[in-house]
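A.B. asks: Now for the letters of each chain:
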Amino acid sequence: MDNISIKVENLEKTFGEGESRVEVIKGASFEVNKGELVALIAPSGAGKSTLLMMIGCVLEPTSGKIWLGEELVYDKKWLTKDARKIRREKLGFIFQAHYLIPFLNVLDNVSLLPLTSSEKEEVVRDRSKDILRFLGLGEKFNAKPSELSGGQNQRVAIARALANQPQIILADEPTAALDIERAHSVVKMLKEVTKTQGVSIIMVTHDERLLGYCDKILKIVAGKVETSHVTEGEVV
Amino acid sequence: MINLAYKDIQHTFSKFVITAMGVGMLLGIVLIMIGVYRGMVEDAKVLLNDVNADVWVVQQYTLGPFAESSRLYQDLQDSIKVIEGVDKAAALTFQGMQLFDKQGHAVRVYTVGYDPRGDFQIIPDSALIEGRVLRESHYEMVVTDKTGFALGEKIKVGRNIFTVVGITQGTVSSGGDPIVYVSLKDAQIMQFSYSNPRIRNDRARGLESKDSQLVNVVVATLKPGYAADQVAQKMERWKHLTVYSQAEQIQILSKNVIERSSKQIGLFTLILVLVSSIIIGLIIYTMTLEKIKEISIMKLIGIPNFLITKMIIQETILLGLIAFVFGNLFAQLIYSNFPKRVLLEWPDSFTLLAVIIVTSFLSSLIGVYKVLKADPAQAIGG
Ligand SMILES: Nc1ncnc2c1ncn2[C@@H]1O[C@H](COP(=O)(O)OP(=O)(O)O)[C@@H](O)[C@H]1O
Ligand SMILES: [Mg+2]
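Those protein sequences? They're chains C and W, same order as listed.
In this text, residue positions in the first sequence follow our numbering: the first is 1, and each later residue adds one.
In this text, residue positions in the second sequence follow our numbering: the first is 1, and each later residue adds one.
These are computed hints drawn from the structure, not numbers from a lab.
Check before you lean on any hint, since a few could be wrong.
To be verified - Cut-off 25 Å, straight-line C-alpha distance, at most; resulting in silico cross-link-like pairs (BS3-like, lysine-lysine): (1) Lys-7(W) x Lys-140(C); (2) Lys-310(W) x Lys-120(C); (3) Lys-65(C) x Lys-34(C); (4) Lys-140(C) x Lys-154(W); (5) Lys-185(W) x Lys-234(W); (6) Lys-293(W) x Lys-144(C); (7) Lys-102(W) x Lys-88(W); (8) Lys-310(W) x Lys-144(C); (9) Lys-129(C) x Lys-7(W); (10) Lys-310(W) x Lys-85(C); (11) Lys-7(W) x Lys-144(C); (12) Lys-120(C) x Lys-7(W); (13) Lys-85(C) x Lys-293(W); (14) Lys-255(W) x Lys-85(C); (15) Lys-81(C) x Lys-370(W); (16) Lys-373(W) x Lys-81(C); (17) Lys-81(C) x Lys-293(W); (18) Lys-373(W) x Lys-77(C); (19) Lys-15(W) x Lys-144(C); (20) Lys-154(W) x Lys-102(W); (21) Lys-76(C) x Lys-191(C); (22) Lys-185(W) x Lys-76(C); (23) Lys-370(W) x Lys-85(C).
Bound conformation, chain W alone (with noise of 0.2 Å):
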């Protein structure tokens, strides 16, 4: 038997590979919008994991210090480290900030401070691709390979020279923007000492500042045998804390970070995955306009209905399925160069590998329904 869709395709390849690859460009960035998504929820885990405490230390009824902000003594890390079932503590800070490259281009970036002779070593051997950690306490700086900085640049921030000694690669916040690692304390005169004229104003005021001692989360580890509750509820009891363990510190960045984001680029890939079905549709529709009379005049000379109806399924389904090839190759091609982290997994490929099957067998519907009602006696009217 002949294969009409074979046939059919083969007379305009180039037009069906080109309308394939139109498709496929949607497809892709379908892809894209998932792999967002993907991106997104991963880099919001990665701080926690690399840090990988058991418990969150954070100001009293705040959701700190990714969802709230949350400000806390640094001198409570001393008296964590002497609760029974504590093996170590270690205050960090957490900050957004804008650093400038050599252009003068502004640099997003993610500001943790740690103390580098302390307990925590937070920057995963890992993820260091280039330099060291931190050693002094002063003005040295690790930075994400995603800022751009180069070993050994220099960083002006504020008053103040960092020299960059390390670069770390996939390090980045619960929001995504890539992290530079400073000392504790350049971290605590960043974001809490203020300028001189404020000082003096406060002073005349009768206000001492303390804020430079300020952090906003002590992180801890357990001995074994302790288990992460019982411990934060007494951390809790005793000093008018919120204590959070891993766990829970994963649950609120994913109920307060991650779900409205997530229903956001949701709603947006279902919109695209409808605009890419509504254009699959549109376009097996104008395929069967086009060939409507030579459909009629094959139904006139007796051809059986499913000869012709098979012929405009089998197209659309082998336009999707091309579409999705190329979908695949655009997403690859491009993700690396958005500037968050894109996520390509493959099972959420086959996923829309099987909504694509669908929904190209549904619009073909439309075609079909088109070769029903062609009416063999206008076949050969005009």
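One chain only, chain C, in its complex shape (with noise of 0.2 Å):
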């Protein structure tokens, strides 16, 4: 249990009632180690970014059981009544848009969480820098996001899932909007970021050649999750 940071067991949702009922996950299980960079696949409208805020204690579930670390977070209720403080404390999200607060230049955006908390503001404003300067935008600090591209922006993101030091973070699809170069240097950098600090991520993407950087293959299908295990950047 040490080196496991999600675990899920026959999660279950299903949304609306009687006629417009859809049963989407249908007794979901599966593991995900510390400091791996696991892959989500599944066709468009199968379920993955679902099965991510359930994860990420957003969408409640219908029923099953969800650990974030040790914590039992959701056992066919949620177990605490703030999901907002885990979701502060335990996890970093980075969407397909980028989603920046658009009157907050780069830094302040990357900053804004972390400063909610107990930490000094040096301390954060510090990180938060080494962040930007690690994802190659140390010149950037003070732009907003309308003055930076697609790709810088998605960069910014990554720093803002990082700042306050996740340990999971919950990736839906982060590379959709980018050319494939970009594609390539965001997925590298999250797989940077689990080996040097340690970060679990999971990664919804419908591109397979980015599959190769992943320790991890999850497949949604029929509503289950398939599990299989890539090495030597080959997908087994």
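Can you join these two chains into the complex? Each is in its own frame, and there are hints to help.
C.D. replies: And the structure:
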């Protein structure tokens, strides 16, 4: 259990009632280890985002269990009143669009969340700058999102997801809006983050060319999750 | 900590300021409305205070001379003067009229007739800004500057031509119309004399008109040691008149002349304040809706609610404050262009400020409600 960062057991999610009832996830079980970069793949509409949002404590499952690290957070119901606190302390999010706050500059976008913690402002600012430099944005602290390219903004979004030092990053199609070169460089960065910081990342992707970077592949098939391992950059 | 309201406003500064200016104009109008009311109350008392009599003698059972019409014989002035305790007495006429300027435009005025050689000098020195007060008993006129007439200008009234010999400032009737002063004799001709055919007609009927001996009120001051009530009682008993003290006269004015108008203006002001609040509320609502995506994202990544609601509340109150400043500027800029007196007073302004702070806080709650309701799961949809 020590090495496990996400564990999901018999997770189910149905939307709607009666006629319009849709069972999207029908008993998914899987584990993600610390420091792993995991790909989540399935055709569109299969429930990738739904699964990710349940792990992210944003969407309430219908039944099952979710552990984040050691903590059992969901067991037929949320075990915490403040799901946002879990998100704030354990999770980082990256989406297809960068969703940066347009009126904040790059540095403020990245430091906003950790600044709400009890950490010293200086410490947060310094760490945020380090992360931005690491992602090649050392010159852009004061730029607004509107002044940056799509790839740069996506890297800022990654920096934001990292800034509060989460154990887990949930990335929903983070490269879908990027060209293939930038997609490769973004995934390389995510890979590096998992190795250097011990963060676990679940990344939804449609692009098979990116699977080589991943340690593990989760595939949604008929509402259940199949796990396959990747060795030496080869999909098994 | 990052102040989100500050950053957001900085980002959309000109839009924010223009919005605040718009709301400010609305608040400016609210201030003007209150100023109109204050001006009206102030105006109502100007003439009363200028005359500055202790007692006002009017036709029996009337609320004259301002709230109801009143007619007395001019010679009453002499019998009043000999009543014990009376110091000075004067007969006066008051009459709303229309004069014409050189271009032939109508000018609404309120004509006050008094005897230039009488006991009362009812044009206060402090009000006279040019020329002199009336001296002759005919065809002279002192006008309020707002009438637009110039010193020396000739003004035709009926068959007679008057010359402007003096100009006053701030002298208005209880209704706010600018005053022109003429001699009592001229005023009586204007108010009470009939055309020649009418006089001939009346004579044929055996009626002899004595109307030109009429006035509207006789005012008097008292000698020291005499109380207005007592002297008034004496006059009423002997002469079949109604007599008011200065204080009663002010009361009559505020009851009969000001009260209804003030209700009218009060209601209007209330509606304006309400409309302004609704508009502020709508602005905040749209400002929040515009940011709802960012707000959902902030909620999703784990930003606590209070940080987001603080942004909304601060922005709303700042909007209110800037609008308030613009409102005052706007009101100060335009108030002197109004034909009647507009009296802008700081206490009113600060009351409005308090109202704005409360209403903008309340309207910000609409935004806060939107924030609390925003679903983080919706943030990444679409
Ligand atoms: N709020 C919702 N209400 C009803 N159905 C939903 C809702 N969210 C998602 N779904 C349905 O769940 C299924 C999975 O959606 P999603 O997780 O977004 O798929 P993916 O991310 O794999 O493309 C879809 O059929 C979608 O229509
Ligand atoms: Mg999806």
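A.B. asks: Taking the hints in turn, state whether each one holds.
C.D. replies: Status of each hint after checking the structure:
About 17 Å separates the Cα atoms of Lys-7(W) and Lys-140(C), which keeps this hinted pair within 25 Å; it holds. A hinted pair counts as satisfied when its Cα atoms are at most 25 Å apart, and Lys-310(W) with Lys-120(C) qualifies at roughly 21 Å. For the hint linking Lys-65(C) to Lys-34(C), the alpha-carbon distance of about 19 Å falls within 25 Å, and the restraint holds. Under the criterion of a C-alpha separation no larger than 25 Å, the hint pairing Lys-140(C) with Lys-154(W) is inconsistent with the structure, at around 78 Å.
Only pairs whose Cα atoms come within 25 Å are accepted, and Lys-185(W) paired with Lys-234(W) is rejected, the gap being roughly 29 Å. Of the supplied pair hints, the one linking Lys-293(W) and Lys-144(C) holds, its CA atoms being roughly 17 Å apart against a limit of 25 Å. Our distance criterion of 25 Å between C-alpha atoms is broken by Lys-102(W) and Lys-88(W), whose separation comes to about 39 Å. In summary, the hint linking Lys-310(W) to Lys-144(C) is supported, as the alpha carbons are separated by about 22 Å, within the 25 Å threshold.
Distance hint between Lys-129(C) and Lys-7(W) is fulfilled; the C-alpha atoms sit about 19 Å from each other, no more than 25 Å. Pair hint Lys-310(W) plus Lys-85(C) holds up; C-alpha atoms about 19 Å apart against a cutoff of 25 Å. Taking the CA atoms of Lys-7(W) and Lys-144(C), the gap is near 11 Å; set against the 25 Å cutoff, the hint holds. Distance hint between Lys-120(C) and Lys-7(W) is fulfilled; the C-alpha atoms sit about 21 Å from each other, no more than 25 Å.
For the given pair, Lys-85(C) sits about 20 Å from Lys-293(W) by alpha-carbon distance, which is consistent with the 25 Å threshold. Taking the CA atoms of Lys-255(W) and Lys-85(C), the gap is near 64 Å; set against the 25 Å cutoff, the hint is violated. About 21 Å separates the Cα atoms of Lys-81(C) and Lys-370(W), which keeps this hinted pair within 25 Å; it holds. Straight-line distance between C-alpha atoms of Lys-373(W) and Lys-81(C) comes to about 16 Å, which keeps the hinted pair within the 25 Å bound.
With a C-alpha separation of about 24 Å, the suggested pair Lys-81(C) and Lys-293(W) falls inside the 25 Å cut-off, and the hint holds. Between Lys-373(W) and Lys-77(C) the alpha-carbon distance is near 21 Å, which keeps this suggested pair within the 25 Å criterion. A C-alpha spacing of about 18 Å is found between Lys-15(W) and Lys-144(C), which places the hinted pair at or below 25 Å, so the restraint holds. Between Lys-154(W) and Lys-102(W) the alpha-carbon distance is near 9 Å, which keeps this suggested pair within the 25 Å criterion.
About 33 Å separates the Cα atoms of Lys-76(C) and Lys-191(C), which puts this hinted pair outside 25 Å; it is violated. A distance of roughly 101 Å separates the Cα atoms of Lys-185(W) and Lys-76(C); the hinted pair therefore is violated under the 25 Å criterion. Note on Lys-370(W) and Lys-85(C): the hinted pairing holds, with a Cα-Cα distance of about 21 Å set against a maximum of 25 Å.
Of the hints listed earlier, those the structure fails to meet are numbers 4, 5, 7, 14, 21 and 22, in rising order.
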